[in-house]
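Protein chains in written order, with numbering that gives the first Met the number 0: chain F, 0 to 210; chain E, 0 to 211.
These aren't lab readings, by the way, just hints derived from the structure by calculation.
We treat Cβ as the ideally placed atom computed from N, Cα and C, and that holds for glycine.
Hints may be right or wrong, so weigh each one.
Covered by chain E, per the in silico footprint, the following chain F stretches (three or more residues, Cβ under 8 Å) [said to hold, decoys possible]:
1) 44-54
2) 65-71
3) 77-90
4) 102-111
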Amino acid sequence: MRAALLPYFLFTLLGLFFNSCRFSGFSARYVSGDLKNSRPVVFGQGFEKALYSTDLNVFGRQITGITVIKHDSTGFHVAMLSELGLKYFELFFPANDSTADEIRYVMEVMNYKPVTEGLLSLYGLLFQSPVYDSHARFLMNETGKTCLLINKIERKQVSFYFSSLSGEVEELTSKKLLKPKAEIKLSGYGDGYPGSLLLFQHKLSIQLKRL
Amino acid sequence: MNKFLLTAFTLLLMCFVPAFGQDVSFSPVTDVSALQRAVRQQSEATQTLSSLFVQEKYLDMLQDVLVSNGRFMYKKENSVRWEYTDPIRYTILIHDGKFTIDNDGKISEFSTQSNPMFREINKMIVTAIRGDFVGSPDFSPTYFENEEQVMARLVPASAQVRSMIEYIEIYFQKSDMQVVKVLFAEPGGDYTAIRFTDNQVNREIPDSEFLH
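Pulled out of the complex, with its shape left as it was, chain F reads as follows (with noise of 0.2 Å):
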């Protein structure tokens, strides 16, 4: 009995496997030689400094302040404030990916694993560069406005949605085997990076708009 029912779990299986590699509404045949030129970017080329209204809500507790991000040779570097001048954290983001990414402060408060962890893994999402290898998919939508390019990053499925004209991200997202996935929308660019963003992992949300 058990045997008999082998070919049915192995087809449930493959038909799992297959519908979480699709991507809705996109597909490789809506992909046209010049558009595979386009690179999704999120902080352009030139992009030095930041600042951002923070909303953050961790574990359902609402934390509000000032968001800085920083670009120079060495990479990025993020740090959130309160009103009144008090640091949350501190984190940086190597340009050097053989260097860990780095939690640099971080307040007693707010000192546990899954928001350190959070904090880490969202704006490691964000500061991702894409990669062109053999194991990148470059799929477009049918109105060819938004291309998407998938890549496999540290055993994470890195999706970047972004225009097809411009390059500027509009979604990003992270999958991970056992692991909550993490998403960012952006909008509103303007001087080469966007002036709103929402990153997400399961009980970690940040809202950030332009100052």
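Add chain E to chain F, keeping to what the hints say.
Same frame as chain F, now just chain E:
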């Protein structure tokens, strides 16, 4: 030759320019009890206080300062209005044991007793502005002075507070013992400096300024 002289003059000038921007150096206060009396007297005589402020946040990672502006009001015993107008619109109201935050129209209310972090921040703000740290078990103070100002450096007694604020410096103008600057130093070299201008002491401030 002229070019050489110009370069030499510029280099010489560069050596001196940084000194102009620095605070005049402070030395330890000799008569601490006289100073404590003056601070206490000023604190007791202050019923209300209103001023404008410029807040400079120095972040080591930026090697730069973030500047905010706003206005501040205080009324005895514990009413505070801390209002940022630029670059964000954000107001903290402390009145009757309640914290109200108006974040660009979004209102949240907290009890100062139920939230230890807010309670500590409240205590630090009021202590710094009112100058009633003399004899407080929450801080260990040391005093410094120069010709124009007196500076009290307060180290928080609580280890939890010290993990956020290493020390607070409060600068008083010697002529009238008014607070002109408060500096919150954080572990790691970052700091927040708040400069007060247009100080008005004991002007009538209605309670409605501290209510939403």
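Quick rundown of the hints versus the structure:
no., hint, verdict
1, 44-54, "holds (count 3)"
2, 65-71, "holds (count 3)"
3, 77-90, "holds (count 8)"
4, 102-111, "holds (count 5)"
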